[in-house]
Amino acid sequence: MNPGVPVAYLQLTRYPRRLVIAVLGLAISALGILGQMGFEDSLFRSATRLFEELDADVVLVSPQYQFMVLPAPFSERRLYQSLSVPGVESFSSVRLGVAPFRNPVTRVNRTVYVVGVGRAGRVFVNPDWERKARALEAPDAVAFDRRSRPEFGPIGDLFRDGPVRTEIGQHAVRIVSVFDMGASFSADGTVLVNDDGFSRLFPRRRPGLVDLGLIHLRPGAEAARVVDALRSVLPGDVVVLTHEALNAREQAYWRGTTPAGFIFKTILIISLMVGAVSAYQILSSDLAENLPQYATLKALGYPDAYFLRLTFEKAWLLTSMAYPFGFLLALVVYASATWLTLVPLVMTSGRAIGVYVIMLTAASAAGLLATHRLRRADITELL
Amino acid sequence: MTDIPALAIRGVTHTYGHHPGTTSSRSPLLRSVDLTVRRGEVVVLSGPSGAGKTTLLTLCGALRSVQDGDVRVLGRALRGLTAAQQRAVRGDIGFIFQSHHLIDALTAGQNVMMALLGRVPVAESMRLAETALAGLGLASRVDARPDTLSGGEKQRVAVARALVRHPALILADEPTASLDAASAGIVLEALRIAGRRWGAAVLLVTHDVRVFEIADRRVHLADGVLVEAGSPASRPRLRALAR
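Line by line, the protein sequences are chains A and B. For the record, in the first sequence the residue sitting at position 8 is 8 according to our numbering, with numbers rising by one throughout. Count along the second sequence from 1, add 1000, and you get the number used in our numbering.
Just chain A, same shape as in the assembly:
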């Protein structure tokens, strides 16, 4: 039933002011959703970036372990014990801590995340990180993440002239290499040190305790089967996880336990509501003003489905008019946030399309609600 008249478009553009307000509302909604998703994704991705680069098939952590900045140590002996399990080829360890890092220019301290890299075996998948971690021979040698926040100082620039000297936890250190990881919501900056260096920076930590046990399996070994075997062999003072399970647990912490997850969900719901309400307002106003006209069309033989389709067309047109603005604004926000926080916010095509579909759905739902009155109306009362 297409009379060849673009009714939806003509009705929407009939009142430009009302249209602009609705488009603005939907654009803000798109911005809110895209911004929320960008920040959330960035938070969770950056929070697990270090863990994703760990070279491990199976990971051991303490039962008290919560998340990367609040680890709990366990005995390194469990790693040696793991070698008795069929399928386990080798292991390595990581120790984690935070300490004040002195900006070599301003002399102001800022907390840095310290990753103590075990000597026993491979630690990182990233070859550049692994090579630089292996090169840390002296206890005062550290590798610095040059994509850390600028408050740590212009380390990358200073490093061009040779090793940079500064202090971590009042211990003199030499930055002998730099690598690229990026700040996260949990760590403004990161340094790598070797086992001896970690013990030097954290003298109160008992030797023989590690925070992450990285277990490498023999080729062909089934991770799930080895995990089961490790659980049966090792005592309850360690938790055995696959690498994927550790990453999932880390993300789950951020999503479920911290206020960040709740805040992101709230922003998402509010943004969606702003969009749906904006769409509903213009669609229901249009319906209310045109009830006698639509009743006349019903008298002419138009079915309810026509009005539903007309309203959906308007909802989709509105969304399609508003979304590009919201999307461009979101790109600006992403770029600004990346520049300000050094936490990369990346727009993916999946997210761009997904949010568009979500907004189409929300606007359609608003349209469905708006047409309720017309569906219920007695047309003889309206004529």
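Relax, there's no trap hidden among the hints.
One-sided excerpt, in silico: chain B residues whose CB lies under 7 Å from chain A:
| # | residue |
| --- | --- |
| 1 | R1087 |
| 2 | G1091 |
| 3 | H1101 |
| 4 | I1103 |
| 5 | L1106 |
| 6 | A1115 |
These are calculated hints, taken from the structure and not from any lab test. These figures come from a predicted structure and were not determined experimentally. Don't be surprised by glycine CBs; every beta carbon is placed ideally from N, CA and C.
Assemble the complex: chain A is given as a structure, and chain B must be docked to it using the hints.
Structure of chain B alone, referenced to chain A:
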């Protein structure tokens, strides 16, 4: 032209608040109404306000369900039809209401095109809309929006919308009530032409005596009963109406 009347009403009784299968204590608005309107015939239905004229019109137009009696449009019984079947019947009917109810975002031509329901290609529907508007003296107003049209022009656009698909039955509720003499004359002429050119049956509800001029027959509705105008039962009321 077929012998089947465009509209045949037999023994129609209608009570507001009546629900099928129940007995109602309310008095009926329409009582055993009989009326036949043949193709090409123009019938004027008059009567006092609240007599049930509009109700009868909506029953004939499949806009309201028939409770008792039989209403047939082009031989098709309306009683017991589903909403979709009623809609199909309405496709053969042209409605003209007291208010024009034009969509303000559309031009006069587009409003008329809306009546064609995708029955004809777009280009053809544009041509038909222009022709219908020209027939009502609005050839130069095809691209005008309703807010730039006078009240008379708007009503003529509404009439064009009702006539553009050459309906077999035209139901008009006070189509000239708010029109000046010139506009009323154009509308009545268009209705007369519809009857003559494609044999449309026209049932007009009106208080406007100007409309009587084009009527082949006049019927009068009072106290729920329909009588032929000119019959002894209707004379006092018609005389009063004419005054």
